[in-house]
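Q: So the chains spell out like this:
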Amino acid sequence: MAASSLSFSPKTITSSPRPKTNPFINHFSHSLQFPIASSTSRAIFTSPTTSIVPRASSVISRATNDAASTNTNTFHGLCYVVGDNIDTDQIIPAEYLTLVPSKPEEYEKLGTYALIGLPSTYTTRFIDENETKTKYKIVIGGDNFGCGSSREHAPVALGAAGVAAVVAESYARIFFRNSVATGEIYPLESEGRLCEECRTGDVVTIEMAESRLINHSTGKEYKLKPIGDAGPVIDAGGIFAYARQTGMIPSQN
Amino acid sequence: MASSAISPTRTSSFINKKDFGRFCFSSTSQLSIHKCKKSSVSKKIVSVMAPQQSERSPATTGSVKTAMTLTEKIMARASEKPHLVPGENVWVNVDILMTHDVCGPGSIGIFKKEFGENAKVWDREKLVIIPDHYIFTSDERANRNVDILRDFCIEQNIKYFYDIKDLGNFKANPDYKGVCHVALAQEGHCRPGEVLLGTDSHTCTAGAFGQFATGIGNTDAGFVLGTGKLLLKVPPTLRFVMDGEMPDYLLAKDLILQIIGEISVAGATYKSMEFVGSTVESLTMEERMTLCNMVVEAGGKNGVVPADTTTFKYLEDKTSAPYEPVYSDQQARFLSDYRFDVSKLEPLVAKPHSPDNRALARECKDVKIDRVYIGSCTGGKTEDFLAAARVFLASVRAISINYFTTSGQTIDSIKTSYLLNSSLRQLILGKKVKVPTFLVPATQKVWMDLYALPVPGSDGKTCSQIFEEAGCDTPASPSCGACLGGPKDTYARMNEPKVCVSTTNRNFPGRMGHKEGQIYLASPYTAAASALTGYVTDPREFLQ
Chain E
1 MAASSLSFSP KTITSSPRPK TNPFINHFSH SLQFPIASST SRAIFTSPTT SIVPRASSVI
61 SRATNDAAST NTNTFHGLCY VVGDNIDTDQ IIPAEYLTLV PSKPEEYEKL GTYALIGLPS
121 TYTTRFIDEN ETKTKYKIVI GGDNFGCGSS REHAPVALGA AGVAAVVAES YARIFFRNSV
181 ATGEIYPLES EGRLCEECRT GDVVTIEMAE SRLINHSTGK EYKLKPIGDA GPVIDAGGIF
241 AYARQTGMIP SQN
Chain V
1 MASSAISPTR TSSFINKKDF GRFCFSSTSQ LSIHKCKKSS VSKKIVSVMA PQQSERSPAT
61 TGSVKTAMTL TEKIMARASE KPHLVPGENV WVNVDILMTH DVCGPGSIGI FKKEFGENAK
121 VWDREKLVII PDHYIFTSDE RANRNVDILR DFCIEQNIKY FYDIKDLGNF KANPDYKGVC
181 HVALAQEGHC RPGEVLLGTD SHTCTAGAFG QFATGIGNTD AGFVLGTGKL LLKVPPTLRF
241 VMDGEMPDYL LAKDLILQII GEISVAGATY KSMEFVGSTV ESLTMEERMT LCNMVVEAGG
301 KNGVVPADTT TFKYLEDKTS APYEPVYSDQ QARFLSDYRF DVSKLEPLVA KPHSPDNRAL
361 ARECKDVKID RVYIGSCTGG KTEDFLAAAR VFLASVRAIS INYFTTSGQT IDSIKTSYLL
421 NSSLRQLILG KKVKVPTFLV PATQKVWMDL YALPVPGSDG KTCSQIFEEA GCDTPASPSC
481 GACLGGPKDT YARMNEPKVC VSTTNRNFPG RMGHKEGQIY LASPYTAAAS ALTGYVTDPR
541 EFLQ
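Sequences listed follow chains E and V, in order.
What the first sequence shows, in this note's numbering, is residues 1 to 253, in sequence order.
What the second sequence shows, in this note's numbering, is residues 1 to 544, in sequence order.
Source of the hints: derived by calculation from the structure; they are not laboratory data.
These numbers come from a predicted model, not from an experiment.
Hints may be right or wrong, so weigh each one.
Straight-line Cα separation of at most 27 Å, DSSO-like style, residue types lysine-lysine; simulated pairs [said to hold, decoys possible]:
1) Lys113/V - Lys109/E
2) Lys318/V - Lys229/V
3) Lys488/V - Lys109/E
4) Lys165/V - Lys103/E
5) Lys112/V - Lys103/E
6) Lys434/V - Lys488/V
7) Lys112/V - Lys159/V
8) Lys434/V - Lys159/V
9) Lys126/V - Lys103/E
10) Lys103/E - Lys318/V
11) Lys229/V - Lys103/E
12) Lys112/V - Lys109/E
Okay, the calculated bits of chain E under chain V, using three or more residues with CB under 8 Å as the criterion [to be verified]:
13) 81-94
14) 97-105
15) 111-121
16) 150-158
17) 174-180
18) 200-214
The C-beta atom is built at its ideal place from N, Cα and C for all residues, glycine as well.
Let the sequences and hints guide you as you build the complete structure.
A: Structural data, given as structure tokens:
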């Protein structure tokens, strides 16, 4: 039986943001490169142990020899800026919850509705008319991003739309956990109110190793909080993939 | 003023966690429960500092006992650890996993993908599957999702599946319940001391039973389906001490709106909220559920009310499963204490578009409304409808008194008068609602109560009779209804930008359907009073 073949190892992973020193910083290399990826392409993340397709679809991996323990991910692209308390009804309104995220074609469909619940005060559409993916790889928000319903459809819709990372001042608990568990997006925390510093359409780069966000449109740099132990889980593509990669649960045939 | 009734005090710094000498575990006897509660409202006792103790291992001291909160104790027991402190990540054994038609199919999909097509769930009696969200709709995908649940329950021989097949007449489905959080309680799945997880953020409702209950996503639920365990972080606890006699125009919804307004929609993020005090002790189980239901609206991980005789009595005819309540220790560490004198509070609303956008109901008396909605896991229980009926009944009296003080006649002489014309008859029967008033009982049991239970003080009338006389819509089929909008053909969904007073729990943009819709969250008293006037209305206009 499946259950008996699992070995549980407490404290091996955590899915909460923890203010601790980033083990990845020392491994950072200054040779920055931004491979150009089209908004619909899926980059392959490779590690020495296994090869998987990450759900955070626009992850640009700069492969190193110890990729499994070093988070050198960089995200580069346009950002879409929202405010405080963006709840999951705004990320994916309830009428679309009939779509089942574990069904591939419905997963894609969920992506086309990402952030469609934002009020009309947001004059720029997150996904252009007749498009299925967003051109904004990074969403920047304020406090309490993802509050409200526990619907996993929310991080899934963002990931399926082509979002790689959300940068917010803080997250609602279940949204953060669902983001990590699914590996859909990196829920990164900013040190200050980036939603007031950046504008929709600004070109930004997130350097995970440096815990840094660079706004190329304004020329400013901002510090991010390290994602800690949640990073490798998202790198792997979610808790199940991570658990297999690290031997917590047996690999599938 | 409302906010003056609160005084947050930090107690954590006064408590030494290695407080060996003074500590004793609370037993489940009423005596110690009482003792515990008494001390919980006394600032003096918690400020006693124990002498500093050096760290000693269990091997040298025997059984090490560290004071814990109710939530910490449940998680310690569920993770088979002697004690826990907030911040620890532990694998907990899950007593009940609940899922529904919106998140069940996705959770099942993940379970099958990760554990194999032929995998079996960890325990067929610990999984409770409750279709409730999108039931009475012609949306094919929504109907299919209930089919997916049914197929899975048959395949896995799941014991508790509250199925619905005949969508045309819910009464033809004896197994069908309705809103999961209310059904869980009514069917005896909520038990003190246990761990209940569900793929719905309002799973925290079950904390009313003194258990740990919280919402999780599909992926986590898929994991629980296969293993019966989940890695959870132990939350620190905020304690809300509510004392004072509850005025008869207030309901638990007013209390939780007061709290959320105080601490904000992110004030309890990652934290547990424990509700204690003489007011909380006086609340019924359904009212305690209202209190715990909305902790997630403050960002809370879970909410708890310590189990007491009210809890045990409610459970008497609902479960035969043994359960063991636990209670916060006298020296347990709380991140902070908030104190409320409930007797000073006034009826509240949460204005659009956030549950923490608190205002006094009377401050919004000029807000014209288009409709009233009474329903959902937090505001569609039997007592919520009884409360609404009480306001409609009171409106009869309010009008009668006004009339008779000017006419000098008695109610009996008016009733028997052959001169009684139709408008006067209407006056005697009570006020009519001024706006469409939608009633969605949470469960089939609630629906039956509306048609069977006599409303106190009504000479034997039922809620349904009182609602009909007041001109409300006929009570709808039990489900989550329009609380979260749902498919376009959902009953009472806000398909136009209307202004609604609702007994539900969220008023985010678009929550009930239309993005420009405006939702005022309120108690059933306030909702019914507002229905009678067509404006947001303080229920004291009718209840006093």
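Q: Taking the hints in turn, state whether each one holds.
A: Against the structure, the hints come out as follows:
In summary, the hint linking Lys113/V to Lys109/E is supported, as the alpha carbons are separated by about 20 Å, within the 27 Å threshold. The suggested pairing of Lys318/V with Lys229/V holds, with an alpha-carbon distance near 26 Å, which does not exceed 27 Å. A hinted pair counts as satisfied when its Cα atoms are at most 27 Å apart, and Lys488/V with Lys109/E qualifies at roughly 18 Å. The hinted pair formed by Lys165/V and Lys103/E meets the criterion: a straight-line CA distance of about 24 Å does not exceed 27 Å.
Restraint check for Lys112/V and Lys103/E: the C-alpha separation of about 12 Å stays at or below 27 Å, so the hint holds. Between Lys434/V and Lys488/V the CA atoms are separated by roughly 25 Å; this keeps the pair inside 27 Å, and the hint holds. Restraint check for Lys112/V and Lys159/V: satisfied, since their Cα atoms lie roughly 19 Å apart, inside the 27 Å limit. For the proposed pair Lys434/V and Lys159/V, the alpha carbon gap of about 46 Å is over 27 Å, so the pair is violated.
With a C-alpha separation of about 26 Å, the suggested pair Lys126/V and Lys103/E falls inside the 27 Å cut-off, and the hint holds. The hinted pair formed by Lys103/E and Lys318/V fails the criterion: a straight-line CA distance of about 38 Å is larger than 27 Å. With a C-alpha separation of about 25 Å, the suggested pair Lys229/V and Lys103/E falls inside the 27 Å cut-off, and the hint holds. Restraint check: the Cα-Cα separation between Lys112/V and Lys109/E comes to about 21 Å, which is no more than 27 Å; the hinted pair holds.
Only when three residues or more bring their CB closer than 8 Å to a CB of chain V does the claim for the segment 81-94 of chain E stand; here the count is 6, and the claim holds. Counting residues of the segment 97-105 of chain E whose C-beta lies closer than 8 Å to any C-beta of chain V gives 7; at least three are required, and the coverage claim holds. A count of 4 residues in the segment 111-121 of chain E with a Cβ less than 8 Å from any Cβ of chain V is obtained; the coverage claim is therefore met, three being the minimum. Look at the segment 150-158 of chain E against chain V: 4 of its residues bring a Cβ nearer than 8 Å to a Cβ of that chain, three or more, so the hint holds.
Using a Cβ-Cβ cut-off of 8 Å, 3 residues of the segment 174-180 of chain E lie near chain V, which meets the minimum of three, so the contact claim holds. Remark: the segment 200-214 of chain E is not confirmed as covered by chain V, as 0 of its residues place a Cβ nearer than 8 Å to a Cβ of that chain, below the required three.
When held up to the earlier numbered hints, the structure conflicts with 8, 10, 18 and fits the remainder.
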